[in-house]
Every structure is written in C-alpha cells, then in structure tokens.
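**Student:** Below are the chains, spelled out letter by letter.
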Amino acid sequence: MTTSASTSSSSAAGTAAVPVSVAGDETGGSQVRRRRRLSPGKRLPAAPIVGPALVLALWAAASAAGQLDPAAIPAPWTVLRTGVHLWTDGTLPNDILTSLRRAASGFAIGLVAGVLLALAAGLSRVGEALIDGTVQLNRAIPALGLIPLFILWLGIGETFKVAIIAIVVYIPIYLNTHAALSGIDSRFVELAEVQGLSRFQFVRQIVVPGALPGFFVGLRLGVTGSWLGLVVLEQINATSGLGYMMFQAQNYGQSDVILVGLVVYGIFGLVSDSTVRLFERRVLSWRRTLSN
Amino acid sequence: MAPHTEQLTRSAVRLRGLTRSFGGRKVLDGIDLAIPAGQFTALLGHSGSGKSTLLRAVAGLDHQVEGSGQLTAPERVSVVFQDSRLLPWRRVLDNVLLGSEGREAAAKGREALAEVGLKGRERAWPSELSGGEAQRAALARSLVREPELLLADEPFGALDALTRIRMHGLLRELWERHRPSVLLVTHDVDEAVALAERVLVLEEGRIGLDLTIDRDAAARGEYRGLLLAALGVTEDVR
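Chains A and B, in that order, are what the protein sequence lines are. Its first residue numbered 266, the first sequence is counted upward by one per residue in my numbering. Its first residue numbered 18, the second sequence is counted upward by one per residue in my numbering.
Everything labelled a hint here was simulated from the structure, so no lab data went into it. If you're wondering where the values come from, they're calculated on a predicted model, not measured in any experiment. You may find that some hints are simply not true.
Here are the computed distance ranges between Cβ atoms for each label pair [as the list claims (entries may be wrong)]:
{"hint": "1", "chain 1": "A", "residue 1": "Arg366", "chain 2": "B", "residue 2": "Glu145", "range": "38 to 48 angstroms"}
{"hint": "2", "chain 1": "A", "residue 1": "Pro310", "chain 2": "B", "residue 2": "Glu145", "range": "26 to 36 angstroms"}
{"hint": "3", "chain 1": "B", "residue 1": "Ala141", "chain 2": "A", "residue 2": "Pro313", "range": "26 to 36 angstroms"}
{"hint": "4", "chain 1": "B", "residue 1": "Asp177", "chain 2": "A", "residue 2": "Arg302", "range": "27 to 37 angstroms"}
{"hint": "5", "chain 1": "B", "residue 1": "Asp207", "chain 2": "A", "residue 2": "Pro313", "range": "56 to 66 angstroms"}
{"hint": "6", "chain 1": "A", "residue 1": "Leu381", "chain 2": "B", "residue 2": "His195", "range": "36 to 46 angstroms"}
{"hint": "7", "chain 1": "B", "residue 1": "Ala141", "chain 2": "A", "residue 2": "Val297", "range": "28 to 38 angstroms"}
{"hint": "8", "chain 1": "B", "residue 1": "Val82", "chain 2": "A", "residue 2": "Asn403", "range": "34 to 44 angstroms"}
{"hint": "9", "chain 1": "B", "residue 1": "Arg223", "chain 2": "A", "residue 2": "Ala405", "range": "26 to 36 angstroms"}
{"hint": "10", "chain 1": "B", "residue 1": "Val82", "chain 2": "A", "residue 2": "Gly422", "range": "55 to 65 angstroms"}
{"hint": "11", "chain 1": "B", "residue 1": "Glu118", "chain 2": "A", "residue 2": "Asn403", "range": "32 to 42 angstroms"}
{"hint": "12", "chain 1": "A", "residue 1": "Asn403", "chain 2": "B", "residue 2": "Gly174", "range": "38 to 48 angstroms"}
Which stretches of chain A does chain B cover? Using the computed rule of at least three CB atoms under 8 angstroms from a CB of chain B, they are [said to hold, decoys possible]:
{"hint": "13", "stretch": "449-461"}
{"hint": "14", "stretch": "470-481"}
Which chain B residues stay away from chain A? Per the calculated CB distances, all over 10 angstroms, these [said to hold, decoys possible]:
{"hint": "15", "residue": "Arg120"}
{"hint": "16", "residue": "Glu132"}
{"hint": "17", "residue": "Gly134"}
{"hint": "18", "residue": "Lys136"}
{"hint": "19", "residue": "Ser147"}
{"hint": "20", "residue": "Asp177"}
{"hint": "21", "residue": "Thr180"}
{"hint": "22", "residue": "Arg196"}
{"hint": "23", "residue": "Arg241"}
{"hint": "24", "residue": "Val250"}
Beta carbons are placed, not taken as given, at the ideal position from N, Cα and C, and that holds for glycine.
Start from the sequences, fold in the hints, and give me the full structure.
**Tutor:** Right, here's the structure in full:
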C-alpha cells in the first residue's frame, strides 16, 4: 500500500479530511502538505470566447423556445439573415465603408496630434507650459459637448465628424504618452549623458522606447474612443454610415437591423483592439508582465 | 624616451579648489587633486562625505549644482554606476553599444562582452541576466568607448559577497590590460586596499588622507587600520 501521496489522499477522502501520514508508513517521515494555491491556476482553453458563446447559446435557445418577443429581440438567425440581405443589396458595405473612413481619418489625425503634442510637452519645458495645461482643460470638456460648436464652425458635413473623433482620440493618447515620457527614469537620462548621446539619439533610443508602454495604453483607449464617438456622431446628423442605418431602423421598428449594426460595431471594436494588442506584444516583447 | 616620461607625469584628472555646495552646505570644500594617467585610485568616505558629488563633478553630471574651482578631465570618460543601468528594451549587445554606432563598434562590443565573460549572451534581454552578469555588461559598455578615465560609483555595492570578489578580479584584470585611469568610489576599505594603487579618504569636503598602496607590502593590515582610523572607525577585535 505505498501509493503516491496524491492518490492515497483521494481514497482516504471519505474517512479523513486532512491527509496525515498513515501509521506504519515505511518511510517514517511526515508527509509534506501542499500549500493552498492562491493563484488562479492554468488558463482554460479558448477562454476569451467562452462567455460570449454562452450568451449566444442562451439567446438562440430562448428564441427557439419562443420566450423572446421577436419585435424586441429577434432571433440570432433573423439578425444573420438581415445582415446577409443588407450586405448583398449593397447598403451595408456602403455604410460600413463610410463609417470606417470617418473613424480612420479621425483616428489618424488624433494619433499624430496626440503623439506630437506629448513629445513636445515631454521634451521641452516651454512645450510643457504651453501644451499640458491646455490639453488638461480640453480633457475637462466632454468632446461630445463640442458638437454644436463644431457644427457652427465646420458645417454639418464630414469635417466636423472627423474633428470630433480626432479630439476623442488624441486626448487619451496624449495623456498616457506624456505620463510615460515624464516617467522615464532620470537614471537613464544620466546614462545617455555619460554615453555622449546626441539629442536625437536620446529621443530615439531612450525616450521613445521608454514611452511606448504608455503610448499603447493610450492607443487602445483611443481606438475604442473613435468607435464610441462615431456611434454618437452618426446618430445625430448623417445621411449614411452605420449609426445612420441604425437610427433609420429605429424609426421603422426594425430591431434586427439595429442588432446588425451593433454586431458590426462590436466586430470592429474587437478587431481593432486585438490588432493593437498584437502589435503591442510584438513591440514590447522585452517586457515580462503578469499576463505572460 | 620623452613620450615615456610625459606619460608618467601627465595628469588625467586635475582638480584645483573644487567646491560644490547644496543649499548653502559645502559638500566639497576646495579640493586639490591630481590623478596621474593610468593610476587606479580609490576614494573612500562615509556616506554623505561627498564621494559621489566629487565623482559626478568629474563626470560632468552636476548640472544644477552650485560650485567653483577648476577641473580638467580627459576626452573619453566612462562611468559605471552602482546599478547596471541597462536599458530594459535593448538586448545586451545593443546596450553595450549605446552611444557608439557602426559595424566596427559592433565588433568591439562583442569583444568587450567576451572580455567580461558574457560571450554568447549578446542577444539576451537585461531582465534575463543575474545581478553580477548585468554589472559585467555595464563594464563591457564602459570598455567599448576605450576610456582614458573610468569612473566607478560603488559599482559592486549591490552585489553579493561572492560575486563581488570575482568582479574585483575582473576589474583589476581589465585595468591591467587597458590601463585607463580609474577613480573608484567605495565605502569598503578592504575593496579599496585590494584594488587600488592609491587610496584617498574624503573627510568633511576635503581629502583627509592620501595613501599610496605598495602592492608588495606584507603588512596590508596596516593600511586597513590606517584607513579605518582616518574614517573614524575603531575596530574592537575582541
């Protein structure tokens, strides 16, 4: 009866709660008790999709059982059929393209502005004095609250939408990049001086890589922000785009079309966030964090 | 013959009346000091005695410190800090090459890494190195620049005792091979005696003791006693 400790404890589970070394054990030494494990343990396979898949399954089951009002929450297959229909008749691709163009141009402008402003504020005291306070002030004003003013200034066309998205995007990118820049270890600055780095080499070899982790945090927030801004903008005044499509559907009581729009928004958000994360993992491969 | 004598008499570092103060308190009080080229000098002192201030002044790192006096130092100066100060986002070889570019530099970097016993670790990340290995990499980084003057600010202070002994051997060996002038700041009397040719004790902003270490001397213990006395430490043996 000299089975290993872990299996013998299961056979004794019915009789004793705590596995203590059995009398007459040939080794005589007391058994080592495993410490209680406090880490969550190994990750489950396909962990990120377990939750969404469960929700989808419940939704499908409830629809099939007739428990849901099809006018309020249509069945998944109805949504899918509507999506295919909208795609083949050309309205959905058109709306998606319009939305993507808006989000992309606003995002690009916001990204460039955020990074440049953060660099200017982080690298020179004059820049900091001019820029940082101004951005903090801008941050305090909800970007969507600027919509009426921007319509007056820029007209009701595409320009004001792109401008609002750019503002929504540049703020988190600026804040996080600037915080990371000013958080760069002064010991590394000293090292750069000792090694005789030029200003340009210092920025390229120490400042930029040192600020990258913060920049990526800002980038992820910015990407999400661009979609958020888009939804609101396209529901306020637009003649095309995903938000417009959903707004129209609301007027006609087409909940399936609204759901198609939400699914597309969700897919966009997920894909863009994963892209940024993939990119981040590549660029910051030197980092050893808790997640890997 | 002439260049040889010149080599012997030329000073690598010369300080005249060097004064540095922080908030009105004089940390360095008119220091006069000449370090001949190629000499291994150790600078001892209590914490707060101004050792690091002196080293940072010679390194040209004291930007916003009040002070006066003359200071000459060579063109090529390298500094080794107490922490290895490797950039975590650069691989070991790229860290060693910080500030020097080109293919020639890369070859030199590999050579320097081999010299400190890190051959084969060129592609490692700094986070993968042990404390001793990281400090070796820092030494390699300072060597690549072929310094005329090597400044070391308690470079072994954060290492364990065994690693420290091995690093002493390595530093001494590198010095013998490349012959830069060395200014080693330390608070460890034994380290100073074991490594240096000359030991200075900094006391209240001035050089309180300037001791030449005769490496052949049998009575190394005497130096130890002398230095400890200069530092105001009385050893109670019993």
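**Student:** Determine for every hint whether it applies to the structure shown.
**Tutor:** Hint-by-hint comparison with the structure:
In this structure the supplied range 38 to 48 angstroms holds for A/Arg366 paired with B/Glu145, their Cβ-Cβ distance being about 45 angstroms. Between A/Pro310 and B/Glu145 the beta carbons are some 29 angstroms apart, a value that agrees with the proposed interval 26 to 36 angstroms. In this structure the hint that B/Ala141 and A/Pro313 lie 26 to 36 angstroms apart at CB holds, the actual value being about 32 angstroms. For the hinted restraint 27 to 37 angstroms between B/Asp177 and A/Arg302, the CB-CB distance of approximately 31 angstroms keeps it satisfied.
In this structure the hint that B/Asp207 and A/Pro313 lie 56 to 66 angstroms apart at CB holds, the actual value being about 57 angstroms. Judged by the Cβ atoms, the range 36 to 46 angstroms given for A/Leu381 and B/His195 holds: they are separated by roughly 44 angstroms. For B/Ala141 paired with A/Val297, a C-beta distance near 35 angstroms keeps the hint of 28 to 38 angstroms intact. The beta-carbon spacing between B/Val82 and A/Asn403, approximately 38 angstroms, falls within the hinted interval of 34 to 44 angstroms.
Distance hint check for B/Arg223 and A/Ala405: the Cβ-Cβ separation is about 55 angstroms, which falls outside the suggested range of 26 to 36 angstroms. Between B/Val82 and A/Gly422 the CB atoms are about 58 angstroms apart, so this pair conforms to the stated range of 55 to 65 angstroms. Between B/Glu118 and A/Asn403, the C-beta spacing of about 40 angstroms keeps the proposed range 32 to 42 angstroms intact. Taken as a hint, the range 38 to 48 angstroms holds for the pair A/Asn403 and B/Gly174, whose Cβ atoms sit roughly 47 angstroms apart.
Counting residues of the stretch 449-461 of chain A whose C-beta sits closer than 8 angstroms to any C-beta of chain B gives 9, which meets the bar of three, so the coverage hint holds. With a cut-off of 8 angstroms between beta carbons, the stretch 470-481 of chain A has 5 residues touching chain B; three or more are needed, and the interface restraint holds. Listed as outside the interface, B/Arg120 is consistent with that label: its C-beta sits roughly 17 angstroms from the nearest C-beta of chain A, beyond the 10 angstroms cut-off. The claim that B/Glu132 lies off the interface holds: its Cβ sits roughly 19 angstroms from the closest Cβ of chain A, which is beyond the 10 angstroms cut-off.
For B/Gly134, the condition that its CB be more than 10 angstroms from all CB atoms of chain A holds, with the nearest at approximately 22 angstroms. The claim that B/Lys136 is not at the interface with chain A holds, since no C-beta of that chain comes within 10 angstroms of its own (minimum 21 angstroms). B/Ser147, annotated as away from the interface, keeps every beta carbon of chain A farther than 10 angstroms; the closest lies near 15 angstroms. Every C-beta of chain A lies more than 10 angstroms from that of B/Asp177, the closest at about 22 angstroms, which supports listing it as non-interface.
Distance check on B/Thr180: its Cβ is at least 21 angstroms (rounded) from any Cβ of chain A, clearing the 10 angstroms threshold; non-interface status holds. With a minimum CB-CB distance of about 21 angstroms to chain A, B/Arg196 clears the 10 angstroms threshold, and the non-interface call stands. With a least CB separation of 32 angstroms from chain A, B/Arg241 remains clear of the 10 angstroms interface cut-off, as annotated. Its beta-carbon lying about 30 angstroms from the closest one in chain A, B/Val250 satisfies the requirement of being farther than 10 angstroms from that chain.
Going through the hint list in order, the structure does not satisfy hint 9, though it satisfies all others.
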